[in-house]
Amino acid sequence: MPKMKTKSGVKKRFKITGTGKVLASQAGKRHGMIKRTPKFIRNARGSVVLEPGDANHVKKFAPYGLD
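In the numbering used here, the protein residues as written are -11 to 55.
Honestly, the hints are just simulated from the structure, not real lab data. Be aware that a few hints might be false.
[What the hints assert, rightly or not] Straight-line alpha carbon distances no greater than 20 Å define the calculated EDC-like cross-link-like pairs of lysine to aspartate or glutamate that follow:
1. K0 to D42
2. K9 to E39
3. K(-5) to D42
4. K(-5) to D55
5. K3 to D55
6. K0 to E39
7. K(-7) to D55
8. K(-1) to E39
9. K(-9) to D55
Note that the coordinates shown come from a computational prediction; the quantities given were computed from them, not determined experimentally.
Taking the hints into account, I'd like the entire structure generated from these sequences.
If you want it as structure tokens, here you go:
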């Protein structure tokens, strides 16, 4: 059997750690930052670890993990 391909959108949006957790960037920061509060902008920095249920959805599309 040939290898399964990783979805290209998953490659761009997520990172899988060595322990199997899925990291994603914070949502809501693409545009419209003028109307966001400074507190929201500050709290939305960096990346977050996805919840286990959401992480399982992502892992289905990355059969061999992400490099």
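Checked hints:
1. K0 to D42: Holds, because 16 Å separates the two Cα atoms, which is no more than 20 Å.
2. K9 to E39: holds (9 Å)
3. K(-5) to D42: The hint holds at about 16 Å.
4. K(-5) to D55: It holds: about 13 Å lies between the C-alpha atoms, which stays within 20 Å.
5. K3 to D55: Between K3 and D55 the Cα gap is close to 8 Å, so the pair holds against 20 Å.
6. K0 to E39: holds (19 Å)
7. K(-7) to D55: holds (13 Å)
8. K(-1) to E39: holds (18 Å)
9. K(-9) to D55: holds (16 Å)
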